[in-house]
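Go by the hints and put chain B onto chain A.
There are 2 protein chains.
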Amino acid sequence: MKIYDISKEISETMIVYKNRDNKKIVREIVANHSDNHFHESKITLDMHCGTHIDAPLHMVENGHTIEQLPLENYMGTCKVFDLTAVESFIRQKDIVHLPINEKDIVLFKTRNSYSKVYDFNFVYIEEDAATYLVNKKIRTVGIDAMSVERDKPGHPTHKILLGNGVAVIEDLQLAEVNAGEYELIALPLKIKNSEASPIRAILIEK
Amino acid sequence: MKIYDISKEISETMIVYKNRDNKKIVREIVANHSDNHFHESKITLDMHCGTHIDAPLHMVENGHTIEQLPLENYMGTCKVFDLTAVESFIRQKDIVHLPINEKDIVLFKTRNSYSKVYDFNFVYIEEDAATYLVNKKIRTVGIDAMSVERDKPGHPTHKILLGNGVAVIEDLQLAEVNAGEYELIALPLKIKNSEASPIRAILIEK
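For the record, the sequence lines run as chains A and B.
Going by this note's numbering, the first residue of the first sequence is number 1, and it counts up by one from there.
Going by this note's numbering, the first residue of the second sequence is number 1001, and it counts up by one from there.
Careful: at least some of the hints might be erroneous.
Unchecked claim - In silico lysine-lysine, DSS-like type, Cα no more than 30 Å apart, as pairs: (1) A/Lys-206 with B/Lys-1023; (2) A/Lys-103 with B/Lys-1018; (3) B/Lys-1002 with A/Lys-136; (4) A/Lys-137 with A/Lys-116; (5) A/Lys-103 with B/Lys-1137; (6) A/Lys-79 with B/Lys-1192; (7) A/Lys-116 with B/Lys-1042; (8) B/Lys-1042 with A/Lys-42; (9) B/Lys-1008 with A/Lys-8; (10) A/Lys-8 with B/Lys-1023; (11) B/Lys-1093 with A/Lys-116; (12) B/Lys-1137 with B/Lys-1192; (13) A/Lys-192 with B/Lys-1008; (14) B/Lys-1137 with A/Lys-2; (15) B/Lys-1018 with A/Lys-206; (16) B/Lys-1206 with A/Lys-206; (17) B/Lys-1018 with B/Lys-1093; (18) B/Lys-1023 with A/Lys-137.
Stated by the list, open to error - So these bits of chain A aren't anywhere near chain B, every CB distance computed over 10 Å: (19) Phe-81; (20) Arg-91; (21) Lys-93; (22) His-97; (23) Pro-99; (24) Arg-111; (25) Ser-113; (26) Tyr-114; (27) Glu-127; (28) Asn-135; (29) Asn-164; (30) Ala-175; (31) Asn-178; (32) Ile-199; (33) Glu-205.
To be verified - Derived contacts from chain A toward chain B, CB cut-off under 10 Å, selection only: (34) Met-1; (35) Met-14; (36) Ile-15; (37) Asn-19; (38) Phe-38; (39) Glu-40; (40) Ala-55.
By construction, these hints were calculated from the structure, which means they are not laboratory data.
The beta-carbon is built from N, C-alpha and C at its ideal position, and this holds for glycine as well.
So that you can see chain A by itself, here it is in the shape it has in the complex (with noise of 0.2 Å):
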């Protein structure tokens, strides 16, 4: 069984959104071996950091949260799509010729995967191409963006996919993976009332 961990590291030095300060992560050391014999600590955590998916809530007001999702939307049978040659953003004319069908659970793997830095003109989706999703029916759309979307007032792409019950995932790491079939796992924390959450992300060669 091959797996293909497809997740960003946490850390106190990983790239957030915009390299803004107060996206940063916290950590705190309770306890450790010196003086306590054990080690504990604790973490504080921006919902959209690292690898993590998007619930209703985030960008729709009274939206689902993220302990009220269908975990089927984040596990099972998923198309990875290479989208690598895309240059600015994803539009329907990019993956319209895909075979992307009813239920599906699709990944676009970018030139963001390859970034090392924090990439202000990042790839994101379209909104022509989130309403082709939307029209697709499928279940879940994954990318290795820090958001679906980049600078755009009243985040349409945001809300034209979690408003229309397509589930996101976002900040991928898809660098290792070639475009096929696999079995994802990407589970989100049970957190009540929360409008993200960040998950241990993997696929699963068939």
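Chain B in isolation, oriented as in the chain A frame:
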């Protein structure tokens, strides 16, 4: 596909170790729909709150940390054993008759899964049972207790298990699950240098 969610819900009011205030989670709403037209939050989590994995560093000086552990220990076929008849702690004599084999992932369901408040007398794993599991060369033991032991000076059960390569999952919720074989998914977050990680844990009926 029948899925059993065996995770505790993470919230400000969840039951924490010995009801200690410093173990409680803290949430911060960073943005909300009324003021910002979207919702964003942060959470401060004790790494041992709710359903979680202990890495060796928790109890073993210079032990491995959570991001270094093989994911195979936290997924795959697992055996749930019903030990709800055990009153105080699990001894070797309580498990010696069970079909436990090399490389097994075993979960112990105890009366803890039915507690609605913090139980200062929760059922845990005694040293002789831990040594038995190590000698059996199992991969992983999970239990529905906040800790594999209770108020033991020097934490011998943790050290026997974690010091000898047996993975540990704590604070599972097994009330709805009968004894039997399932597929387990219980992956840790990829947190650099952490001694533990909260998890979403599920069982899939085979």
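Results of checking the hints against the structure:
1. A/Lys-206 with B/Lys-1023: 41 Å, violated
2. A/Lys-103 with B/Lys-1018: 44 Å, violated
3. B/Lys-1002 with A/Lys-136: Holds. B/Lys-1002 to A/Lys-136 sits at ~26 Å (cutoff 30 Å).
4. A/Lys-137 with A/Lys-116: Judged against 30 Å, a Cα distance of about 34 Å means the pair is violated.
5. A/Lys-103 with B/Lys-1137: This hinted pair is violated, its Cα atoms lying about 41 Å apart.
6. A/Lys-79 with B/Lys-1192: With a Cα-Cα distance of about 29 Å, the restraint between A/Lys-79 and B/Lys-1192 holds, given a limit of 30 Å.
7. A/Lys-116 with B/Lys-1042: 25 Å, holds
8. B/Lys-1042 with A/Lys-42: Between B/Lys-1042 and A/Lys-42 the Cα gap is close to 13 Å, so the pair holds against 30 Å.
9. B/Lys-1008 with A/Lys-8: 25 Å, holds
10. A/Lys-8 with B/Lys-1023: 27 Å, holds
11. B/Lys-1093 with A/Lys-116: 54 Å, violated
12. B/Lys-1137 with B/Lys-1192: Answer holds: B/Lys-1137 to B/Lys-1192 is near 27 Å, not above 30 Å.
13. A/Lys-192 with B/Lys-1008: Roughly 10 Å separates the two Cα atoms, so the pair holds.
14. B/Lys-1137 with A/Lys-2: 23 Å, holds
15. B/Lys-1018 with A/Lys-206: 44 Å, violated
16. B/Lys-1206 with A/Lys-206: 18 Å, holds
17. B/Lys-1018 with B/Lys-1093: Distance ~28 Å between B/Lys-1018 and B/Lys-1093 Cα, so the pair holds.
18. B/Lys-1023 with A/Lys-137: 42 Å, violated
19. Phe-81: Per Cβ check, A/Phe-81 is outside 10 Å of chain B; nearest 24 Å; holds.
20. Arg-91: The assertion about A/Arg-91 holds, with a minimum of 24 Å to chain B.
21. Lys-93: At roughly 29 Å from the nearest Cβ of chain B, A/Lys-93 sits farther out than 10 Å, so the non-interface label holds.
22. His-97: 31 Å, holds
23. Pro-99: 23 Å, holds
24. Arg-111: Nearest chain B Cβ is 22 Å from A/Arg-111, so the label holds.
25. Ser-113: 16 Å, holds
26. Tyr-114: Given a closest Cβ separation of 19 Å, the condition holds.
27. Glu-127: 17 Å, holds
28. Asn-135: The assertion about A/Asn-135 holds, with a minimum of 24 Å to chain B.
29. Asn-164: 17 Å, holds
30. Ala-175: With a cut-off of 10 Å, A/Ala-175 remains clear of chain B, as the shortest Cβ separation is near 15 Å.
31. Asn-178: 20 Å, holds
32. Ile-199: Its Cβ does come within 10 Å of chain B, the nearest being 7 Å, so this is violated.
33. Glu-205: The assertion about A/Glu-205 holds, with a minimum of 13 Å to chain B.
34. Met-1: This hint holds: A/Met-1 lies near chain B, its Cβ roughly 8 Å from the closest one there, short of 10 Å.
35. Met-14: 8 Å, holds
36. Ile-15: 13 Å, violated
37. Asn-19: At about 17 Å, which exceeds the 10 Å cut-off, the nearest Cβ of chain B leaves the hint on A/Asn-19 violated.
38. Phe-38: Check passed: Cβ of A/Phe-38 comes within 5 Å of chain B, closer than 10 Å.
39. Glu-40: Because about 7 Å separates A/Glu-40 from the closest Cβ in chain B, which is inside the 10 Å limit, the hint holds.
40. Ala-55: Holds: closest Cβ of chain B sits about 9 Å from A/Ala-55, inside 10 Å.
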